[in-house]
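My request is simple: use the sequences and hints to build the entire structure.
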Amino acid sequence: MSEEIGGEVVPDSTRELNIDGELDIMIEDLDLWYGTKQALYGVSLPIARNSVTALIGPSGCGKSTLLRTINRMNDLIPICKYEGTITKGDVVITDKGADLVELRKSIGMVFQRPNPFPKSIYDNVGYGVRLHHQPTRDELDAIVEKSLKRAAIWNEVADRLHDLGTSLSGGQQQRLCIARTIAIEPDVILMDEPCSALDPIATAAIEELILELKKDFTVVIVTHSMSQAARVSDYTGFMYLGRMVEFNKTEKIFSEPDQELTQRYITGRFG
Amino acid sequence: MKKDIDLLKKRNRKRRDLMERAGSTGLALSGFIGLMFLSVLVWQIAVPTFIEGETGQIEPASEFIPVSEYVLKWDHPTVDDDGALIGDPVVLELTWDDGGTERTHSIAVTVTSERNLREDIVINASGVSTEAVEVGKKTKFYIQSSLEVPVDIHQASGPVPAADETGSPTVSSFVISADVSVVVDDGRFVSHPLTMVAWLMLVFVVALLSFPMPAVLSAMEALLNRQAAVRYTLYGLAAGTLALAGFTLEAWLGAGCWTMSAVGINRTLQGMERLKSQGRDVTQFDRLKHSITNREGVLMWSRMLLVFSTLFIPLLIDVPFLTERYQDIFQPYASGIRSAFFGTIWVMGIAMVVSMPVSIGAAIYLEEYAAPTKTTKLIQALVTNLAGVPSIVFGMFGLAIFVKQGGIGLGLGPSILAAGLTMGVMAMPIIVLASQEALRSVPTSLRESAYGVGCTQWQVTRDHVLPSAMPGIMTGSILAMSRIMGEAAPLVVVGAAALVLFDPEPLAGLLGGNKGFTVIPIQIYFWTSEPEHAWHSMAAAASITLILLLAAMNSVAIVLRQHFRKRLNS
Ligand SMILES: Nc1ncnc2c1ncn2[C@@H]1O[C@H](COP(=O)(O)OP(=O)(O)OP(=O)(O)O)[C@@H](O)[C@H]1O
Ligand SMILES: [Mg+2]
Numbered sequence: 309m310s311e312e313i314g315g316e317v318v319p320d321s322t323r324e325l326n327i328d329g330e331l332d333i334m335i336e337d338l339d340l341w342y343g344t345k346q347a348l349y350g351v352s353l354p355i356a357r358n359s360v361t362a363l364i365g366p367s368g369c370g371k372s373t374l375l376r377t378i379n380r381m382n383d384l385i386p387i388c389k390y391e392g393t394i395t396k397g398d399v400v401i402t403d404k405g406a407d408l409v410e411l412r413k414s415i416g417m418v419f420q421r422p423n424p425f426p427k428s429i430y431d432n433v434g435y436g437v438r439l440h441h442q443p444t445r446d447e448l449d450a451i452v453e454k455s456l457k458r459a460a461i462w463n464e465v466a467d468r469l470h471d472l473g474t475s476l477s478g479g480q481q482q483r484l485c486i487a488r489t490i491a492i493e494p495d496v497i498l499m500d501e502p503c504s505a506l507d508p509i510a511t512a513a514i515e516e517l518i519l520e521l522k523k524d525f526t527v528v529i530v531t532h533s534m535s536q537a538a539r540v541s542d543y544t545g546f547m548y549l550g551r552m553v554e555f556n557k558t559e560k561i562f563s564e565p566d567q568e569l570t571q572r573y574i575t576g577r578f579g
Numbered sequence: 037m038k039k040d041i042d043l044l045k046k047r048n049r050k051r052r053d054l055m056e057r058a059g060s061t062g063l064a065l066s067g068f069i070g071l072m073f074l075s076v077l078v079w080q081i082a083v084p085t086f087i088e089g090e091t092g093q094i095e096p097a098s099e100f101i102p103v104s105e106y107v108l109k110w111d112h113p114t115v116d117d118d119g120a121l122i123g124d125p126v127v128l129e130l131t132w133d134d135g136g137t138e139r140t141h142s143i144a145v146t147v148t149s150e151r152n153l154r155e156d157i158v159i160n161a162s163g164v165s166t167e168a169v170e171v172g173k174k175t176k177f178y179i180q181s182s183l184e185v186p187v188d189i190h191q192a193s194g195p196v197p198a199a200d201e202t203g204s205p206t207v208s209s210f211v212i213s214a215d216v217s218v219v220v221d222d223g224r225f226v227s228h229p230l231t232m233v234a235w236l237m238l239v240f241v242v243a244l245l246s247f248p249m250p251a252v253l254s255a256m257e258a259l260l261n262r263q264a265a266v267r268y269t270l271y272g273l274a275a276g277t278l279a280l281a282g283f284t285l286e287a288w289l290g291a292g293c294w295t296m297s298a299v300g301i302n303r304t305l306q307g308m309e310r311l312k313s314q315g316r317d318v319t320q321f322d323r324l325k326h327s328i329t330n331r332e333g334v335l336m337w338s339r340m341l342l343v344f345s346t347l348f349i350p351l352l353i354d355v356p357f358l359t360e361r362y363q364d365i366f367q368p369y370a371s372g373i374r375s376a377f378f379g380t381i382w383v384m385g386i387a388m389v390v391s392m393p394v395s396i397g398a399a400i401y402l403e404e405y406a407a408p409t410k411t412t413k414l415i416q417a418l419v420t421n422l423a424g425v426p427s428i429v430f431g432m433f434g435l436a437i438f439v440k441q442g443g444i445g446l447g448l449g450p451s452i453l454a455a456g457l458t459m460g461v462m463a464m465p466i467i468v469l470a471s472q473e474a475l476r477s478v479p480t481s482l483r484e485s486a487y488g489v490g491c492t493q494w495q496v497t498r499d500h501v502l503p504s505a506m507p508g509i510m511t512g513s514i515l516a517m518s519r520i521m522g523e524a525a526p527l528v529v530v531g532a533a534a535l536v537l538f539d540p541e542p543l544a545g546l547l548g549g550n551k552g553f554t555v556i557p558i559q560i561y562f563w564t565s566e567p568e569h570a571w572h573s574m575a576a577a578a579s580i581t582l583i584l585l586l587a588a589m590n591s592v593a594i595v596l597r598q599h600f601r602k603r604l605n606s
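Line order of the protein sequences matches chains A and G.
Just add 308 to wherever you are in the first sequence, counting from 1, and you've got this note's numbering.
Just add 36 to wherever you are in the second sequence, counting from 1, and you've got this note's numbering.
Think of the hints as simulated: they come from the structure by calculation, not from any bench.
Careful, some of the hints might be misleading.
[To be verified] Residues from chain G shown here face chain A by an in silico Cβ test under 10 Å; the list is partial:
#, residue
1, GLY307
2, ARG310
3, LEU311
4, PRO479
5, SER481
6, ALA534
7, PHE538
8, ASP539
[Unchecked claim] Below, a list of computed lysine to aspartate or glutamate pairs in the EDC-like style, where the Cα atoms sit at most 20 Å apart:
#, chain 1, residue 1, chain 2, residue 2
9, A, LYS427, G, GLU332
10, A, LYS427, G, ASP133
11, G, LYS325, A, ASP467
12, A, LYS457, A, GLU520
13, G, LYS325, A, GLU520
14, A, LYS427, G, GLU568
15, G, LYS312, A, GLU520
[Unchecked claim] Here are some, though not all, of the chain G residues that point toward chain A, as calculated from beta-carbon distances under 8 Å:
#, residue
16, LYS312
17, THR319
18, GLN320
19, ILE328
20, ASN330
21, SER427
22, LEU482
23, TYR487
24, THR492
25, TRP494
26, GLN495
27, ARG498
For glycine and all other residues, C-beta sits at the position ideal for the given N, C-alpha and C.
Given below as structure tokens:
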């Protein structure tokens, strides 16, 4: 089925959702409204464990919105309502009674704009750990160091751990946020355009990091850069006007997409 | 296209520059007006004698009224240690027309230490009965004339007296003192040496945390192995200050200074140790800065404490006007505002204790927790409107609820407690609104990142939103406090007294005892309504005190705001 919107034939959200590996999170038939404005239309998406799933699509198509439903960040927006189910194993994330603290502990998020706490670098990373586990000072020191090393920022901050996190550069802040997220050992990391504020060198560092993280975590990343999606991801979902137009293995999407719309988007002949 | 944008940019810059200039000019102007205002106040204190020398006229006696009377009142001669009048000797001259020739009679005025309430001077055909009069406190001269011609009176020499408020010569107030020194100059250092040293120590710590002092740092290296000893010495000094200086405000501030210094020095030593273990030079401040745990925070609290204890005049300089003297109804210049000063402190303290927790709690609830239902909207509207309600209305409210007995009244009587509660209620809506504003300005991204690491709502509020909003909340609260500190109207209604010759008893309203109290604005109000100028000068002195107290509180607010801004910008 499809619908014509503004002279463009937009297919309904795809049902072809094949993945090779083990399923980690399943999103099914998600409709979402901001007030009366519908932002997602029957979106379904499987997320494979220990892989990188990329979400691409033009601005305003609902990538962030979809990502934020996975850890229920949209609950913070009072006018946001949704229907559909998201499951992680036997946990129904969209359940009213879901334990949001446990959920967000196991599904970490890195935001589009780096947003470290206005606390010291040390506390930025240590805060969540201290909250969930009660580590001794030495254990915490070790966790902080390990997380900062994994986020490829340790060398830059080792001797200024008690400086404010907000005093770092944008790229450093973003890596600090990644360190903060991995410090609490989630299963899944959601990244909303983590490189949009970064220079090519920092971007390369983060991409390398994502490939590294994949070994231990499931990663979902929203990106505007086709090349980035192609470089780091295993699966790619292309979204348009709130629909999941196409989902498939990244090689497939970038070599021979099923949908003409996808083809046009990834080759830059769009709009 | 580009040209258009350039044009727009130019225009915007112009507008911005204009705004900036207008803003700075406005600030300068208001500063100037403030200074003018202050100098007028100082002038009022410094030059309390006004206008011109005393002149008057005694009406001629008539057939029907055989004697006409003229009363001169001598309020307050200022004397030196030996009891001699300060200034030139005062001479009054009486002049009248004795059948074509002008006759003059001089009366010398001397000072007595006795309280001399009355001096009679009789003028008749044979002359004036008295060559000299003695004045003490509040002496009145009753000058009786049985002459059938008017007698002119004027002061021939001596300090110039004040004119009567009404301009009527019948009763005049002689104020023979231009001596400000009585009011201000005998302030002296009465601080306990321990609190003085504590204050100096805090100055040192603020310096230590603020800029590089390599020599001091290398000297401190010797203390690295004795951190515990240093810490316990400083804590001991804090306890010692409390024990030796008594549990006074001064002692508490002193103990605070010691404790803060202990924290600052301790953190610095820890930072140095960290550097040393990394094999780095401990005297290099740029590096050290980063390894001092929460240097910013410690610095902020130290600075605030420093500002507060410095501007809190009685800590360092004891001014009898503030802390020793009560009002002296006979001698304006020997009066002080001890009772009003402590009254103000108590009222503010009670107002703060009752209003801040409640208001901040309400703000947090409204901003963070309450669903936007009709009820919360109604409450919000009520709070917003309450902030604009005239203060006298809060006075009426306080009268009904706190002062009066029976009905809904708590029956605390016109006491400090009732006044503090009333003022607290008045401050509440202001604090709620300011706190809400501060909470609202915490960026959503901060909340999101906190939720993102798995915080509960309470944890987000406690660990992230509140700390970020706290400077704003504190600034708002302090400004609310300084607003109510200057209010007289509600307390007139609540029943502050004009004359209180004892220290206020804060719990008298509950426990019984002497309920009477006054505060500085009330004292100013009553003193300005006295007819004599001397009291006006005292009112001016009290006003300056009030302004200094406000300045102290606002400085704390400024330090907070500055800190907040720096943190956001970095
Ligand atoms: N808080 C909100 N309130 C109302 N509408 C919103 C809100 N957030 C997003 N939307 C709307 O939902 C739609 C999807 O937004 P979303 O942020 O998910 O887009 P996106 O694909 O992430 O875009 P971008 O690539 O620019 O980040 C947009 O039309 C947007 O206007
Ligand atoms: Mg987005």
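- prompt: Is the hint on G/THR492 kept, meaning its closest Cβ partner in chain A is under 8 Å away?
  reply: holds, 6 Å
- request: For the hint on G/LYS312, just tell me whether its beta-carbon gets within less than 8 Å of chain A.
  value: violated, 13 Å
message: Tell me if the interface restraint on G/GLN320 is satisfied: Cβ within less than 8 Å of some Cβ in chain A.
response: violated, 11 Å
field: chain A contact restraint for G/ARG310 - C-beta distance below 10 Å
entry: holds, 9 Å
Restraint satisfaction for G/GLN495 [CB to CB of chain A, less than 8 Å]: For G/GLN495, the interface hint holds, since the closest Cβ of chain A sits about 7 Å away, which is under 8 Å.
field: Interface hint for G/TRP494, Cβ within 8 Å of any Cβ on chain A
entry: Hint on G/TRP494: violated, closest Cβ of chain A at ~11 Å, above 8 Å.
task: Answer holds if the nearest beta-carbon of chain A is closer than 10 Å to that of G/ASP539; otherwise answer violated.
output: violated, 44 Å
message: Hint check: A/LYS427 vs G/GLU568, CA-CA at most 20 Å. Holds or violated?
response: violated, 60 Å
task: Would you mind confirming whether the straight-line C-alpha gap from A/LYS427 to G/ASP133 stays at or under 20 Å?
output: violated, 90 Å
query: Would the stated hint for G/GLY307 survive a check requiring a Cβ distance to chain A of less than 10 Å?
result: Hint on G/GLY307: holds, closest Cβ of chain A at ~8 Å, below 10 Å.
message: Checking one constraint from the list: CA of G/LYS312 to CA of A/GLU520, max 20 Å. Satisfied?
response: Given pair G/LYS312, A/GLU520 is violated - Cα atoms ~35 Å apart, limit 20 Å.
query: Does the structure keep A/LYS427 and G/GLU332 at a Cα separation of 20 Å or less?
result: holds, 10 Å
Going down the numbered hints, you'll see the structure goes against 6, 7, 8, 10, 13, 14, 15, 16, 17, 18, 21, 25, 27, while the others check out.
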